[in-house]
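Novice: With chain S's structure known, arrange chain E on it following the hints.
One letter stands for each residue in the lines below.
2 protein chains.
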Amino acid sequence: MSDPRSVGAVRPQTMHFDTPLAFRSGAVLGAYDLMYETYGTLNAARSNAVLVCHALNASHHVAGYYADEPDKVGWWDNMIGPGKPLDTDKFFVIGVNNLGGCFGSTGPASIDPGTGKPYGSRFPVITVEDWVDTQARLADRLGIECFAAVMGGSLGAMQALQWAIAYPARIANAIAVAAAPKLSAQNIAFNDVARQAITTDPDFHGGDFYARNVAPRRGLRLARMIGHITYLSDDAMMVKFGRSLRSGEIHFHFGVDFEVESYLHHQGDKFSEYFDANTYLLITRALDYFDPAAGCGGDLTRALAPVRARFLVASFTSDWRFAPARSREIVKALLDNRADVCYAEIDAPHGHDAFLLDDARYHALVRAYFENVARDVGAAAP
Amino acid sequence: MSDPRSVGAVRPQTMHFDTPLAFRSGAVLGAYDLMYETYGTLNAARSNAVLVCHALNASHHVAGYYADEPDKVGWWDNMIGPGKPLDTDKFFVIGVNNLGGCFGSTGPASIDPGTGKPYGSRFPVITVEDWVDTQARLADRLGIECFAAVMGGSLGAMQALQWAIAYPARIANAIAVAAAPKLSAQNIAFNDVARQAITTDPDFHGGDFYARNVAPRRGLRLARMIGHITYLSDDAMMVKFGRSLRSGEIHFHFGVDFEVESYLHHQGDKFSEYFDANTYLLITRALDYFDPAAGCGGDLTRALAPVRARFLVASFTSDWRFAPARSREIVKALLDNRADVCYAEIDAPHGHDAFLLDDARYHALVRAYFENVARDVGAAAP
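If you're matching them up, the sequences are chains S and E in order.
Read in order, the letters of the first sequence are residues 464 to 845 in my numbering.
Read in order, the letters of the second sequence are residues 464 to 845 in my numbering.
The following block holds chain S by itself, in its conformation from the complex:
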């Protein structure tokens, strides 16, 4: 807390929207709230705003901590703060809980004013495109015409990419870390198993479990365990856990023998206590569906033709979920469009999760990129 490079104690805010939102699915939501946080100060020219988009299980709480929960540090706090790679002395940073989430923005667990009951299974299936539209509306309300940058890792990177496609005049820079232009069949398959774990849990009740005071925790726990394996590299798991035994010996049973089992159970248990199962379904489906090239006959180059933003694309050598080759597809399509793109393939051992970790080369790269952005948008510290 005494970290001079922390943004310090922060407070989430809620923005209410009552202009109906039409989803790509055809569904319409009459009104909704978005929960967000901001760090730093919007300059007079309103040119130094950076939107940080979250991935599967994160939220609007990107940096700093809560006064009454000092241990609840933002999920990208190592990246964002005074003097950090995304420097809040220079930039006005916004984190937002995506619509459909379970951390304060309207989602499946929220009360549907039409019925007085939680939306549950009736919450619209949402897409990355829909999210970006809601973020643009939030920007309107905050008086931000053009973002200095939109930044994200993994699913967050997909949102940055979609921003550059859908709102080319409103984003000067896109920072896409550990990205892919679409899921592979294997990616979809893992998401499918996770969803099946949830929807076949007898406590799921077709998504309308809230009124029954149960939740498909068994399924959500399995979903999280599967996800977790895909976020880590085989090597990183071997270094972290190896074949270490919890009690030094095997017990010839199906309970916990190996440290890696204990770790996964703990992660799964924790997650299933606080995360909403319907949100998990929504977010994994948004991942599956994202494929900007699909509307252009599979041609990513054509899909990225509207892009005007400069790009920083960064991948990690040990990421097998979204391997570097997937980032290079984006880079190639950007170059085809003569876009200004900087690409770095970072030699990091941690797998997909590397985008969240404090890797010196990675952070130095983002820092250098944002120093240029700061100069371009006149966001240098006073």
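You may find that some hints are simply not true.
Note that the list lumps identical chains together, so a pair holds whenever it fits in one copy or between two copies.
Stated by the list, open to error - The list that follows gives simulated cross-link-like pairs (lysine-lysine, DSSO-like), each with its CA atoms no further than 27 Å apart:
#1 Lys795 <-> Lys703
#2 Lys703 <-> Lys580
#3 Lys795 <-> Lys535
#4 Lys703 <-> Lys645
#5 Lys645 <-> Lys580
#6 Lys645 <-> Lys795
#7 Lys645 <-> Lys733
Don't read these hints as lab results, they were simulated from the structure.
Keep in mind it's a predicted model, so treat the numbers as computed, not measured.
Specialist: This is chain E only, laid out in the frame that chain S set:
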């Protein structure tokens, strides 16, 4: 069925054992049956026998078909038959359903004569070492002092390796395909999720579900889906399924949209109908526990010191479950011991499952190896 290179209609046989078997866990089974099949003819010198060990979900039915079920072709029929790489005109081939299995050998669903009820949760946790001991007893009963070869892929390869360690005088050649000397943390993690899916299924009842006329099919289905993903390479899934949609469009729901989802559900559904959940737990645990180097301070070279067999080790470039590097660990430790080892890394796109597929280079290699074995053991066709 009219395939001249099929071993033709085959019949499984049962061998009863009533000498108590002591497991590595300390448990003892008073009596048990093993289900097995044989193809070809044992020569007068009894020198041409080849034991084929199965992996996770296979059985004693390795080649040929059943007269009353002509579509039920053995799981390695492309490898084994007259004129095939493992030529039944030259070799006497034995397939055995491992103890604890669910295809005829005594397993958790079998009746415990002590209680008159299925063993269920009381079936001993079994190890690769235990399996090899039961296979050696079967060999005794069949009058086979020394196998010309013991062969297997994946978990089957672990059994071949264990044969070479535990019974060096009884195995002339070991053929280990898609092998690993032990599971990695990631391998264990996937097994753990699969087991958790089964054991947290409300229909599991601690493993004693038989009397209740239910089975943890939801969990077993998820386990199979997870397993299936790890058997295929990302590339192979992309070629086979890509992002193809079942009905040409997305439906904004959590049901089946993508072909890969439909495929996985089908595989999981089928598997959960015929496979025993307790057997799945036992077999994945045997995989986890196998680590011959553990008793030698982690030194695989020391663990393989007893080996006298010649080895053929074959791996597949796209296998990310047991990557080629894992096979090379075995090769290195064999070479340290001045063992006679032939290693081939086969450029195949299919992932771990490649060991079951009819790849020309792979089959040519196994064929050539067995031709030498045939000469060595005097098993040339008459």
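Novice: If a hint holds in the structure, say so; if it doesn't, say that too.
Specialist: Here is what the structure says about each hint:
Taking CA atoms no more than 27 Å apart as the test, Lys795 paired with Lys703 passes between copies only; the shortest distance there is 25 Å, against 35 Å inside one copy. In the homo-oligomer, the alpha carbons of Lys703 and Lys580 never lie at most 27 Å apart, since the shortest distance is 44 Å inside one protomer and 43 Å across protomers. In this homomeric assembly, Lys795 and Lys535 never come within 27 Å of each other (Cα to Cα): the closest approach is 39 Å inside a single copy and 48 Å across copies. In this assembly of identical chains, Lys703 and Lys645 lie within 27 Å of each other by CA distance solely across copies; the values are 17 Å between and 30 Å within a copy.
In this assembly of identical chains, Lys645 and Lys580 lie within 27 Å of each other by CA distance neither inside one copy nor across copies; the values are 35 Å within and 52 Å between. With identical chains, the CA atoms of Lys645 and Lys795 are at most 27 Å apart within one copy only, with a shortest distance of 14 Å there and 40 Å across copies. In this homomeric assembly, Lys645 and Lys733 never come within 27 Å of each other (Cα to Cα): the closest approach is 29 Å inside a single copy and 30 Å across copies.
The earlier numbered hints that this structure contradicts are 2, 3, 5 and 7.
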